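Protein chains in written order, with the working numbering: chain B, 1 to 180; chain F, 1 to 184.
If you're looking for bench data, these hints aren't it; they were derived computationally from the structure.
The structure presented is a predicted model; accordingly, all values stated were derived computationally and were not measured.
By construction, the Cβ of each residue, glycine as well, lies at the ideal position given by its N, Cα and C atoms.
Treat the hints with care, as some may be off.
[Stated by the list, open to error] So these bits of chain B aren't anywhere near chain F, every CB distance computed over 12 Å:
no. : residue
1   : V13
2   : T14
3   : T159
[Claimed, not checked] Just a few of them, taken from the derived set where beta-carbon distance is under 10 Å, the chain F residues facing chain B:
no. : residue
4   : E17
5   : V102
6   : G107
7   : G108
8   : N111
9   : P134
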Amino acid sequence: MAELPQAVRGFWVTFATMFKKVVTEQYPEDSHKYPTQPRFHGRHQLNRWADGLEKCVGCELCAWACPADAILVEGASNTDEERFSPGERYGRVYQINYARCIFCGLCIEACPTRALTMTNAFELAEDNRASLIYEKQDLLAPLLAGMQLPPHDMVPGTTEQDYYANRVKGPAAVEGEVQS
Amino acid sequence: MGLEESLPSGVLLTTVEKVAGYARKGSLWPATFGLACCAIEMMAVGGPRFDIARFGMEVFRASPRQADLMIVAGRVSQKMAPVLRQIYDQMPNPKWVLAMGVCSSSGGMFNNYAIVQGVDHVVPVDIYLPGCPPRPEMLIDAILKLHDDIQNTKLGANRRAQMRELEAEALIAPATQEMRGLLR
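Just chain F, same shape as in the assembly:
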């Protein structure tokens, strides 16, 4: 990570960012985290008809140490939340989280004491995918939108500046618990 600072700013830095983004999005290995019915659609995406191998993602890693993307497919119960967090913590950086389906996005129709009202209460979520369950095309669409994000990720000093900016924004933003109306 010292390379970017020693180089003159300009063309080469953006090129390194692009190459790194291309490499990261080209082999984004998902961790298996199927919890409910959405996992069936996630398996269908891995199958031959939708064939997630077209995007270099066919290896669903059972070990979080080898995974880059956690597809949280299904409702997260309060008892499962610490497990989810531990698996997320065990994944090496850089890592991304995709909340698949309405249950993991916001709790969905399970607005009760047993279900975490959205996995963003537990881990930072990069992309939310609605649907109950989402059809495989919807998951591929969400993955491609995430690929766009990964391609445009910054590196080095720019990344740290971006993180500081996001942190400052997050500190003044209201907590999800304090939001009212449909946002809660």
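Chain B with its partners taken away, still in its complex shape:
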């Protein structure tokens, strides 16, 4: 190769590159081929217990942990007529400002009930700032099979301790001992 003229050596590089693997990710078309890592920090999600009650207790620890002041929580008290979460309190207002959120995950670490987790969704671009503020209904997890839309009562014969110990497995089924 050393005796060949420079131009031929240059074109040889070009020619040999044709047989190399293409590294380009065709993102919008083949996005399913390049998933994020499972623990990717994406859009938040407010989780539910197995019977559909919300896990958020409105303690504002996520808002206190947030270094960018992106979270606004206003708690309110549950009543027997209108119950959104087991226990005393629930998050009445829950807003996350994605124009401020830096996806650091400190809110997830602060959450005492695992109510707040992060999904892998990342396509969040918007053309105005107002729609970058996600309200509670945008963040709540979808109702899975067996879940009922709050407000509704706790599973009969359970206390909030059964919920926090994860003994409530569905609308009426409770595993193990039940403190009546």
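Given the coordinates of chain B, assemble chain F onto it according to the supplied hints.
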């Protein structure tokens, strides 16, 4: 721009709009405006793995006279704001601004006196991209959403009517400084 007015309204006008939108979105040249860590992700988008050349945007113009899109990547300090505005003013029409990352969208975690709380205080922003920094896929997603906007841009008299409408809306909308809660 006199052509649209002399033609009868209808099919041809919409077709001209579509062709112009297609041409504009097909070679949207960005101006380099990397200010902080987001610029690293913007460079990754220009590289072979994400390859923004697939959308005809691989030439990052160092001269604003040849650029159509300003990707503001990173936090804008108060001292940088006049420079940002001058570069925006030097770009020829039509031009677009993409606020990349939370710092340029709203100030992000830098809620202090040194950082402009969102570049929309200085220039009109067409699309906001959250993330700190956004991964390259997020930037491509934002660019494609902007392409959709550009494709549906109106021309001539329709554009002027749309601008008047937007202007009237903007005049009654509260200023960003007057907004309260998380919007501010």
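Against the structure, the hints:
1. Its beta-carbon lying about 15 Å from the closest one in chain F, V13(B) satisfies the requirement of being farther than 12 Å from that chain.
2. Every CB of chain F lies more than 12 Å from the CB of T14(B), the least distance being 15 Å, so the non-interface label holds.
3. Once the 12 Å rule is applied to beta carbons, T159(B) is consistent with being away from chain F; the minimum gap is 35 Å.
4. Interface restraint check for E17(F): the shortest CB-CB distance to chain B comes to about 19 Å, outside 10 Å, so the restraint is violated.
5. About 6 Å separates the beta-carbon of V102(F) from the nearest beta-carbon of chain B, less than 10 Å, and the hint is met.
6. Taking 10 Å as the C-beta cut-off, the interface hint given for G107(F) holds, the closest approach to chain B being about 7 Å.
7. Below 10 Å, beta-carbon pairs count as interface contacts, and G108(F) has one with chain B at about 6 Å; its hint therefore holds.
8. With a cut of 10 Å, the hint placing N111(F) at the interface with chain B holds, because the nearest CB-to-CB distance is about 6 Å.
9. Checking P134(F) against chain B: minimum C-beta separation of about 8 Å stays under 10 Å; hint holds.
Against the hints set out earlier in the document, a violation occurs for number 4 only.
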